[in-house]
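Generate coordinates for the entire structure from the input sequences, incorporating the hints supplied.
Quick note on our numbering: the sequence shown kicks off at 1 and runs consecutively.
Calculated from the structure, these hints are not laboratory results.
Treat the hints with care, as some may be off.
Quick list of the computed label-pair ranges, beta carbon to beta carbon [claimed, not checked]:
1) 194 - 281: 33 to 39 Å
2) 87 - 212: 19 to 25 Å
3) 87 - 124: 41 to 47 Å
4) 63 - 248: 38 to 44 Å
All C-beta atoms in this analysis are idealised placements derived from N, C-alpha and C, irrespective of residue type, glycine included.
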Amino acid sequence: MSGAGSHHLGTVSSYPDHRCRRVPAASIPGQVDDLVLTMPGEPFSPCSGEPGGAAACDQPIDADLCLLHDAARGACPTLLSPPSDLNERTRYRWLVGHHAVVAIWQSQTRLLRLLANATRPTPGAVRAVARLYDTYSLLFLYAGSCSARRYADTVRADMYAHHPAFSGQWGRDYEPIPQLLRRLRRTHSASFLAPLVDAAKLNHRVHVAIANKLVPAGGSLLRDAGRKPGDGPSDHERDLFDSFFRIRRGPSCQRAYIAQTIRRIAHVAHDICEHGVNDPDSSEVELSTSDARAVQHIEENATRVLLHGAEIVTSLDYHAVTIWRQPALARATA
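Below is the structure:
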């Protein structure tokens with residue numbers, strides 16, 4: 001298997017190069033389309049070939065927000081059904097979870113850059129990025145929710161087949177985030193940034209704990225191949241990460257980015273509502289008492305954490321914001 005997620009491979013329809021890609025509506029139960037994103041740091045594209053883009057983007061987003069709402073209240077829409085086979089669900093979670101994580105990385109980068117460039121950043125902006133970190137932590141708990149044996153037999157074997165040294169460190173969308181965090185910590189007080197820094201540190205410890213759970217012997221594919229973890233990836237390795245996780249790079253307007261991200265979060269919300277965060281044969285992650293309490297809080301409030309992340313992703317789109325203000329979604333995120 002050369003890429004993640006064999007469950008209902010999907011497609012992304014495309015416009016000519018000067019236009020962004022339109023995200024097709026969900027139509028096949030359990031289908032996971034390729035994720036189409038801009039390169040890190042590239043702006044969203046105009047919605048048409050006209051200078052400055054069209055006055056109104058015709059990318060639909062209401063249906064994906066409705067799917068998320070239905071999944072969040074436990075309605076379990078069939079269009080979001082995960083595989084019933086545990087091995088295939090492990091692959092599905094690894095794919096969908098990483099799709100959502102990579103999309104969240106792009107939102108984190110944009111918000112961190114706004115914070116870094118702002119003359120007077122607000123505490124609300126700091127809390128927003130902290131909430132995205134909590135969403136990221138939950139998504140990684142979800143993606144790595146299987147047992148070590150099932151991981152070795154499925155995801156790890158698939159990654160090895162793609163490249164013997166395959167590594168999550170090859171994800172190009174994460175690369176700007178540590179640099180922006182360091183920049184913020186040089187220019188703002190520790191007390192002001194406390195919610196963000198605490199969430200980022202918890203995220204790192206969760207990441208380490210999940211890695212230790214999935215590979216108890218402690219040898220990543222990268223390390224087993226003789227590579228040092230600190231060595232930066234090549235462009236070819238970044239492309240390998242994208243191809244494994246079925247991420248394609250090209251023009252994307254803001255609405256198309258939002259629609260894709262919301263659908264992945266809806267997939268995750270549905271799966272968690274139906275099957276819980278962890279698979280039945282998974283062992284617990286080893287964390288300190290305080291971190292274990294924080295993770296328990298995130299898992300017990302998984303739906304709210306996902307909705308908070310989705311709300312932040314949609315916050316720059318007026319039409320999406322008006323939908324979030326509808327009573328049902330407003331109550332869910334309160």
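Hints, one by one, checked against the model:
1. Range check, residue 194 to residue 281: Cβ separation about 38 Å, and the 33 to 39 Å hint holds.
2. The hinted window of 19 to 25 Å between residue 87 and residue 212 holds, with their beta carbons roughly 22 Å apart.
3. Distance hint check: the CB atoms of residue 87 and residue 124 are about 43 Å apart, consistent with the given range 41 to 47 Å.
4. For the pair residue 63 and residue 248, the beta carbons lie near 22 Å from each other, so the given range of 38 to 44 Å is not met.
Violated hints amount to a single one, hint 4; each of the other numbered hints is respected by the structure.
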